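Enquirer: Sequence:
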Amino acid sequence: MGTEFQYGLTWEQIGTAKRPCPSEAPWGKVTVCADRPEYGLFRLDLGQGESQPLHFHRTREVAYLVEEGRVLLREKNRQGRTISSVLGRGEVCRTDPGVAHGFYGVEASVVYGFTAAEPLAEVFLLEEPAQAAQICATILSSGSYERGSGGTFDFRQKYWGAIETVVSGEIAGKRIQLRAGSQSSLEFHCHKLETYYVHSGKVKVGLRIGRGENKSLITGAGECFEIPPGLMHMRMGVEDSVILEISTRDDDADSHLVEDGRTYRHVEC
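Going by numbering that gives the first Met the number 0, the first residue of the sequence shown is number 0, and it counts up by one from there.
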């Protein structure tokens, strides 16, 4: 689907929730959660003591969010200096194109990467995982690392949960908390294309399609769902849930309310 404004999509055109398969790596797992020409979202799962080698991307920057655990991040700048820092849950870092970096699992950890390019394109490795793990263990034992200082921003408490921003610009990345039994409003966007990836819990996505038909689908942990411009949608918490959202440029003026979630009930046609 393109990013032009769309009306009257049929149920067949909407598609279903998808479950991306993780790929095994020598140091953990990589899951491509969204892979669009406009943006990409990927997930890194690292076990305790597992080390992602130093690597770099030639043309793209990545914003990382630590969702679970603690990691040691190593970055080697263009002058060859290595900076190490420990990042905990909720902390964010950004890496520029050409900057070598890699994560080490201080604890079993989950890290999400948000990018405006193909998620796994142009990855250049600079070392082996075993070598990386040995270097990271030495850094930790010597205490020669800094503490992370960056986090999400634009935190907004909502009647259904909360939303916070990971990155905003050409692409937008958000972390959404949805309480069980709560629901957001039914809305649509004229320009914004977005993808939900459910990190934990279970979410019912309410949709209004065709000639005003109400439909819905259930997305569980590890599943994703794409929402094109013009599609009326809302989020309902079947369980307490965490959603990672990646989208094209986000603008409050492009969010158009159709039904107020505090009073509206989504009854399927």
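Hints listed in this document are in silico derivations from the structure and should not be mistaken for laboratory results.
Take these hints with a grain of salt, some might be off.
Restricting the straight-line Cα-Cα distance to at most 25 Å, the calculated cross-link-like pairs of lysine-lysine (DSS-like) are [as the list claims (entries may be wrong)]:
1. 75 / 17
2. 191 / 214
3. 214 / 201
4. 157 / 201
5. 157 / 28
6. 203 / 75
7. 203 / 157
8. 203 / 214
9. 157 / 191
10. 201 / 28
11. 201 / 191
12. 203 / 17
13. 203 / 191
14. 17 / 28
15. 17 / 214
Predicted model only: the values in this text are computed from it and were never measured.
Enquirer: So, for every hint listed, does it hold in this structure?
Expert: Here is what the structure says about each hint:
1. Simply put, residue 75 and residue 17 have alpha-carbon atoms about 36 Å apart, too far for the 25 Å limit, and the pair is violated.
2. Between the alpha carbons of residue 191 and residue 214 the distance comes to roughly 21 Å, so the proposed pair stays at or under 25 Å and holds.
3. For the proposed pair residue 214 and residue 201, the alpha carbon gap of about 17 Å is at most 25 Å, so the pair holds.
4. Between residue 157 and residue 201 the CA atoms are separated by roughly 18 Å; this keeps the pair inside 25 Å, and the hint holds.
5. Annotation: proposed proximity of residue 157 to residue 28 is violated, straight-line Cα distance about 33 Å (limit 25 Å).
6. With a CA separation close to 43 Å, the supplied pair residue 203 and residue 75 exceeds the 25 Å bound.
7. Pair hint residue 203 plus residue 157 holds up; C-alpha atoms about 18 Å apart against a cutoff of 25 Å.
8. For a cut-off of 25 Å, the pair hint linking residue 203 to residue 214 stands: about 10 Å separates their Cα positions.
9. With a C-alpha separation of about 21 Å, the suggested pairing of residue 157 with residue 191 holds against the 25 Å cut-off.
10. Between residue 201 and residue 28, the direct Cα distance comes to roughly 22 Å. Compliance with the 25 Å bound is thereby established for this hinted pair.
11. With a C-alpha separation of about 24 Å, the suggested pairing of residue 201 with residue 191 holds against the 25 Å cut-off.
12. Proposed proximity of residue 203 and residue 17 is supported: the alpha carbons are some 14 Å apart, at most 25 Å.
13. Between residue 203 and residue 191, the direct Cα distance comes to roughly 21 Å. Compliance with the 25 Å bound is thereby established for this hinted pair.
14. Between residue 17 and residue 28 the alpha-carbon distance is near 18 Å, which keeps this suggested pair within the 25 Å criterion.
15. As the CA atoms of residue 17 and residue 214 are separated by approximately 17 Å, the hinted pair is consistent with the 25 Å bound.
The structure is inconsistent with the numbered hints 1, 5 and 6, although it conforms to all the rest.
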